[in-house]
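Undergrad: For reference, the chains in residue letters:
Protein chains: 2
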Amino acid sequence: MNPILEKHIKKYIQPSEEDISLFSSLVTFQTVTAKSFLLEPGNSSKNEFFVVKGCLKAYYLDSKGARHIIQFAIENWWVSDFEAFYKNTPSTLYIEAIEDSTLLTLSYENKEILFLKSPIFERYFRILLTNAFIGVRKRILSSLQKDATERYLEFCNVYPSIEHRVQNNHIANYLGISPESLCRIKRALKNNLTN
Amino acid sequence: MNPILEKHIKKYIQPSEEDISLFSSLVTFQTVTAKSFLLEPGNSSKNEFFVVKGCLKAYYLDSKGARHIIQFAIENWWVSDFEAFYKNTPSTLYIEAIEDSTLLTLSYENKEILFLKSPIFERYFRILLTNAFIGVRKRILSSLQKDATERYLEFCNVYPSIEHRVQNNHIANYLGISPESLCRIKRALKNNLTN
Numbered sequence: 001m002n003p004i005l006e007k008h009i010k011k012y013i014q015p016s017e018e019d020i021s022l023f024s025s026l027v028t029f030q031t032v033t034a035k036s037f038l039l040e041p042g043n044s045s046k047n048e049f050f051v052v053k054g055c056l057k058a059y060y061l062d063s064k065g066a067r068h069i070i071q072f073a074i075e076n077w078w079v080s081d082f083e084a085f086y087k088n089t090p091s092t093l094y095i096e097a098i099e100d101s102t103l104l105t106l107s108y109e110n111k112e113i114l115f116l117k118s119p120i121f122e123r124y125f126r127i128l129l130t131n132a133f134i135g136v137r138k139r140i141l142s143s144l145q146k147d148a149t150e151r152y153l154e155f156c157n158v159y160p161s162i163e164h165r166v167q168n169n170h171i172a173n174y175l176g177i178s179p180e181s182l183c184r185i186k187r188a189l190k191n192n193l194t195n
Numbered sequence: 001m002n003p004i005l006e007k008h009i010k011k012y013i014q015p016s017e018e019d020i021s022l023f024s025s026l027v028t029f030q031t032v033t034a035k036s037f038l039l040e041p042g043n044s045s046k047n048e049f050f051v052v053k054g055c056l057k058a059y060y061l062d063s064k065g066a067r068h069i070i071q072f073a074i075e076n077w078w079v080s081d082f083e084a085f086y087k088n089t090p091s092t093l094y095i096e097a098i099e100d101s102t103l104l105t106l107s108y109e110n111k112e113i114l115f116l117k118s119p120i121f122e123r124y125f126r127i128l129l130t131n132a133f134i135g136v137r138k139r140i141l142s143s144l145q146k147d148a149t150e151r152y153l154e155f156c157n158v159y160p161s162i163e164h165r166v167q168n169n170h171i172a173n174y175l176g177i178s179p180e181s182l183c184r185i186k187r188a189l190k191n192n193l194t195n
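Protein chains in written order, with my numbering: chain A, 1 to 195; chain B, 1 to 195.
Just so you know, not all the hints are guaranteed correct.
The list treats identical chains as interchangeable, and a pair is accepted whether it falls inside one copy or across any two copies.
[What the hints assert, rightly or not] Under the rule of at most 16 Å between Cα atoms (straight-line distance), these lysine to aspartate or glutamate pairs were calculated in the EDC-like manner:
#, residue 1, residue 2
1, 138, 62
2, 117, 99
3, 11, 109
4, 64, 147
5, 146, 62
6, 190, 40
7, 186, 154
8, 46, 17
Calculated from the structure, these hints are not laboratory results.
The task is simple: from the sequences and hints, build the whole structure.
TA: Here's what the structure looks like:
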């Protein structure tokens, strides 16, 4: 089993050696180069991806061609067009590698086999989904109640150390503010720290 | 076991009689009158509520006192301040009954007992969380890509027949539009149907 995924799993559950071996046999190893696409709108989304190393973004292009980044994925994150994956509908998202990335790929069919043979992984994915659901709901609430500086600090907390890996305008896009506003916020925070 | 919850559970998993009895022993029956609060900001959120009958709303008041409805809950929905429930932090939400409602209450401790003794319910809650996560993410995407009429139709699909149970201004609030805009949308849809 890949040690990074194994460590991640053991953060949440205590699987047996057999459980781990099974999971290991059901994922495939994949490397992608920066700027390549794992998913594009209209494609079927048959896989979830666990990031062993690298950085990706999931985004949507609106009818005017404007990009809206809805998720970054760094080490230890799972990424997919989850609606398309679970509902077997065409994807509406792009998933694009920002850096050369190493991934473990789990197909829908293999995930069902995993649950059937090692139901302990129901718990692992239930806990991850709980956290993901809380995260998305928190993001909605934050957009209502928090100013851009607070949202930026929350972002840094969710994605530690992403700062130097992702372009400023991508972070601004995720936060729903202009790149200029983000620069002002970062400058003000830096000044506060050094004063 | 309450037949409505049992039916809901059996939509997703095949529990044994013992599993059902256990779940039944861990929930408590509760009735609340319209306009009463199940949760207020600052309280600890130790329970999740399954709606057997009735209608509730979960909302947030921003610093200017403006209300933002983030969820309605009707029959077969679970409702809680999920972040406060799972992270054991004070609630940031109000949960208020819109109608006299009948609920089944599941505490955090009893939910953990349920998972320990009947792990099949990991699957039930994993599937519900998957759907909830997809729903919230879809709502974010809809706010970016869809116009108010499309979002209203999507809302009617998610909350069938809620139309006559919830005030117009509450639905408008949930959709992030003015009550006047919602009236115009409903009139236009009605005219389209009758033409």
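Undergrad: All hints are to be evaluated individually against the structure, with a verdict given for each.
TA: Hint by hint, here is what the structure shows:
| no. | hint | verdict |
| --- | --- | --- |
| 1 | 138 to 62 | between (23 Å within a copy, 14 Å between copies) |
| 2 | 117 to 99 | neither (35 Å within a copy, 44 Å between copies) |
| 3 | 11 to 109 | neither (25 Å within a copy, 20 Å between copies) |
| 4 | 64 to 147 | between (27 Å within a copy, 13 Å between copies) |
| 5 | 146 to 62 | between (25 Å within a copy, 9 Å between copies) |
| 6 | 190 to 40 | neither (38 Å within a copy, 37 Å between copies) |
| 7 | 186 to 154 | within (13 Å within a copy, 38 Å between copies) |
| 8 | 46 to 17 | neither (27 Å within a copy, 35 Å between copies) |
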